[in-house]
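Construct the complete structure from the given sequences, taking the supplied hints into account.
There are 2 protein chains.
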Amino acid sequence: MARIVDEEEKRLEVAQAAYHVIARDGLAGATMRSIAQEAGCSTGMVVHYFRTKQDVLLQAQSYATSQVRDRLVRHETDLQGMALLRATIYEVLPVDERRRSNWSIWMSFWQACPAPEAFLKEQLARVAEWHDRLGQVLSQAVEAGEISPDLDIRLEVEMLAAFIEGLAVQVVFHKRRIGRRKQRQMVDVYLLRLCSETER
Amino acid sequence: MARIVDEEEKRLEVAQAAYHVIARDGLAGATMRSIAQEAGCSTGMVVHYFRTKQDVLLQAQSYATSQVRDRLVRHETDLQGMALLRATIYEVLPVDERRRSNWSIWMSFWQACPAPEAFLKEQLARVAEWHDRLGQVLSQAVEAGEISPDLDIRLEVEMLAAFIEGLAVQVVFHKRRIGRRKQRQMVDVYLLRLCSETER
Numbered sequence: 001m002a003r004i005v006d007e008e009e010k011r012l013e014v015a016q017a018a019y020h021v022i023a024r025d026g027l028a029g030a031t032m033r034s035i036a037q038e039a040g041c042s043t044g045m046v047v048h049y050f051r052t053k054q055d056v057l058l059q060a061q062s063y064a065t066s067q068v069r070d071r072l073v074r075h076e077t078d079l080q081g082m083a084l085l086r087a088t089i090y091e092v093l094p095v096d097e098r099r100r101s102n103w104s105i106w107m108s109f110w111q112a113c114p115a116p117e118a119f120l121k122e123q124l125a126r127v128a129e130w131h132d133r134l135g136q137v138l139s140q141a142v143e144a145g146e147i148s149p150d151l152d153i154r155l156e157v158e159m160l161a162a163f164i165e166g167l168a169v170q171v172v173f174h175k176r177r178i179g180r181r182k183q184r185q186m187v188d189v190y191l192l193r194l195c196s197e198t199e200r
Numbered sequence: 001m002a003r004i005v006d007e008e009e010k011r012l013e014v015a016q017a018a019y020h021v022i023a024r025d026g027l028a029g030a031t032m033r034s035i036a037q038e039a040g041c042s043t044g045m046v047v048h049y050f051r052t053k054q055d056v057l058l059q060a061q062s063y064a065t066s067q068v069r070d071r072l073v074r075h076e077t078d079l080q081g082m083a084l085l086r087a088t089i090y091e092v093l094p095v096d097e098r099r100r101s102n103w104s105i106w107m108s109f110w111q112a113c114p115a116p117e118a119f120l121k122e123q124l125a126r127v128a129e130w131h132d133r134l135g136q137v138l139s140q141a142v143e144a145g146e147i148s149p150d151l152d153i154r155l156e157v158e159m160l161a162a163f164i165e166g167l168a169v170q171v172v173f174h175k176r177r178i179g180r181r182k183q184r185q186m187v188d189v190y191l192l193r194l195c196s197e198t199e200r
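As given, the protein sequences belong to chains A and B, one line each in that order.
Mind the numbering: the first sequence is residues 1 to 200 in the numbering used here, read in order.
Mind the numbering: the second sequence is residues 1 to 200 in the numbering used here, read in order.
Note that these hints are calculated values from the structure, not bench results.
Fair warning: there could be bad hints in the mix.
Covered stretches of chain B (chain A as the covering partner; in silico rule of three or more C-beta atoms under 8 angstroms from a C-beta of chain A) [claimed, not checked]: (1) 45-58; (2) 119-126; (3) 174-182; (4) 187-195.
Beta carbons: idealized from backbone N, C-alpha and C, even for Gly.
Set out below in structure tokens:
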């Protein structure tokens, strides 16, 4: 029993180390060696957990996703409708090192071009999960009368997802210095316009 | 004289070939050899024009940029204000192979991670040019009374640029099948909300 727990813990530690290396140096910098160094273990140990570089990225992404998911679920217990939507978006904005790292990991999938099947599968699954989440929150907001029932929820999800990901591209890829206050302002303006459709 | 023209033409041909190879196979697939094959010339000829892979990408991007710029400038002679803004955005949406190729080239800069100085410089210059263009058109729309003078133009440019680039990410990276009609609908909804701020 203890043995299984140890294995799981060790695996998580190595995934965390991979996460930090990719966030810092990109996928190109994530060698078995640099991950071992970060994790404070032998290269053999890393190879034991990740056989290929593809595994490394997938595990690092899985670690990042589970972290973000936990935080988003916590918001769901306190908030709903537009307040939840705002909190959900604020949660993922690239406003600090941790969140920028999460985006870097996500975008490092894009650096693997042409992308292997496993990457595309993971990418599609994460995009679907994100869209579902946004769609559910938007539907809640419709039920609460905060946004118009005439809105096409699927179209709104698509637009919102594009807007948020595009914002992350500006910060993470183009290295534009858009601070927390400005990022939130952009989201607030966007959401305000979404809500004011109700008034027509 | 004829000699200079030939040199320029040949250089453009090789840049075009590089453009097509990167759009098709990504930066990783753009070898001196594959570019030579595409251009129907010798590898030595390619090396003559591009000394490094970095040069290849920069020239291919420059070729793509000048093409798009020509098209955008043409719209400026016929249209202004919101109509020009809509046409400008429609012009860059990834709705067909040519436009998706342009985005692929642009995004292949992101695949070079960590990015060399020359890439970051080119990226920043293109972003600045794009933002200036959007800002000028938005200002025209304010002058024409189509959008509210209370809008913060710089913030609007930032938001619009994020929205458009995020939309391209959905199509080009996530391979989401968002057709021309749907993409234009997203832009129309966005611009309609921008204009309706005037009504408050």
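Hints, one by one, checked against the model:
no.	hint	result
1	45-58	violated (count 0)
2	119-126	holds (count 3)
3	174-182	holds (count 5)
4	187-195	holds (count 4)
The structure fails hint 1 only (numbered hints given earlier).
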